[in-house]
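S.K.: What follows is each chain in one-letter form.
2 protein chains.
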Amino acid sequence: MIKLYFAPMTRSVRILWLLEEMGVPYELERVDFLPPAKNFFAQQTPLGKLPTIEDGDVVMCESGAIVEYILERYDDGRFAPPVGSPERAAFLQWLHFAESTAFPPLGIVVWLTLYRDDADQHQTIVDEARARASMSFAFLEREIGEKTYLLGDDFSAADIMFGFTLGAARMLGILDDRYPKTSAYLARLEERPAFQKATSAK
Amino acid sequence: MIKLYFAPMTRSVRILWLLEEMGVPYELERVDFLPPAKNFFAQQTPLGKLPTIEDGDVVMCESGAIVEYILERYDDGRFAPPVGSPERAAFLQWLHFAESTAFPPLGIVVWLTLYRDDADQHQTIVDEARARASMSFAFLEREIGEKTYLLGDDFSAADIMFGFTLGAARMLGILDDRYPKTSAYLARLEERPAFQKATSAK
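Going line by line, the protein sequences match chains A and B.
For what it's worth, this note's numbering labels the leading residue of the first sequence as 1, then goes sequentially.
For what it's worth, this note's numbering labels the leading residue of the second sequence as 203, then goes sequentially.
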């Protein structure tokens, strides 16, 4: 059975959300999140990072990689378009984009305003970080258009990757009513029972 | 044929390197890299980002996603372990880690010291960003151990993802002789003809 090292409000929410959507059995190993002031690898997990999973002999970190691993091993085709299908490129793009492009500027805002106590001395940096963070949501606002989910009508694990990013952006006041289609998309994600279970887990 | 929108010293190097390793035919569309001062999506490509590829009806961005797409469509098994194999989890982990964990702190250093002209007013921020950037290389230094490549004896596309990150880290003076095994690993990657061709393309 998959053991998921978990702390609320961290990227481990993505993995719990996916497991709940799929109905895959799991065991939660709750750990306290330690702000990464000195060391990104100081979490109480086998690799020092959150999330980490164990699954038999497999021990791995990186939320995007764990999502792909779980899909490859346990999905019956409900949460990712098959290799070679027309939707596959968009699936891969959004799965990576959610963390590699959309998240890093949010991480900068968190670092400067929550983990440091001297944000007032670096206001121009904070302002530019917030502006940088908003760029990805302007892009998504155009791309999501009238679609229900990132790939169209069908929910996929790419929505899980991006849903966590959007929740963080809203909490930081960066995703707001400048982006009505993106905000409505996030609201659709929040209606899902698996989302609610994953984000309310303590 | 794949059309790759390319500029030197950008993540598009990863894609060119992969195409060269695989021997897949491609067409290069050279564009000038525009520093993302105001807009991350202002590059002269169909999606405003670098890299972007076109392949028939497919238009996509995100270097990690493009690498996965090209492997799924064109690789005969030489550059990624098959789904379900023992090395698959590590492959996915490192492919994502290279961009999602190892690169963002380097991006902060680039932003503060190359794209802004007031780094001297924010020295404590720059110093902490450099310290954060080095954490991933301390982790890699332990994990690479005596291995030739990330997965052991066999080169894979995960090495391409990480090789670009390591090159950037060395250019910024963050990957240095504190990390001898990681530095030796980068030197092995640099010996590959496909690396040399990709990094010398103008």
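Source of the hints: derived by calculation from the structure; they are not laboratory data.
Incorrect hints may have been included.
Said to hold, decoys possible - Computed list of lysine to aspartate or glutamate pairs in DMTMM-like fashion (alpha-carbon distance at most 20 Å, straight line):
#: 1; chain 1: B; residue 1: K240; chain 2: A; residue 2: E141
#: 2; chain 1: A; residue 1: K38; chain 2: B; residue 2: E330
#: 3; chain 1: B; residue 1: K240; chain 2: A; residue 2: D127
#: 4; chain 1: A; residue 1: K38; chain 2: B; residue 2: E343
#: 5; chain 1: A; residue 1: K38; chain 2: B; residue 2: D329
#: 6; chain 1: B; residue 1: K349; chain 2: B; residue 2: D379
#: 7; chain 1: B; residue 1: K240; chain 2: A; residue 2: E128
S.K.: Please go over all the hints and tell whether each is borne out by the structure.
M.R.: Taking the hints in turn, this is what the structure says about them:
Distance hint between K240/B and E141/A is fulfilled; the C-alpha atoms sit about 18 Å from each other, no more than 20 Å. Distance hint between K38/A and E330/B is fulfilled; the C-alpha atoms sit about 9 Å from each other, no more than 20 Å. Between the alpha carbons of K240/B and D127/A the distance comes to roughly 12 Å, so the proposed pair stays at or under 20 Å and holds. Of the supplied pair hints, the one linking K38/A and E343/B holds, its CA atoms being roughly 18 Å apart against a limit of 20 Å.
Among the hinted pairs, K38/A with D329/B is consistent with the structure: their alpha-carbon atoms are about 12 Å apart, no more than 20 Å. For the hint pairing K349/B with D379/B, the CA-to-CA distance comes to about 18 Å; that is within 20 Å, so the pair holds. Straight-line distance between C-alpha atoms of K240/B and E128/A comes to about 9 Å, which keeps the hinted pair within the 20 Å bound.
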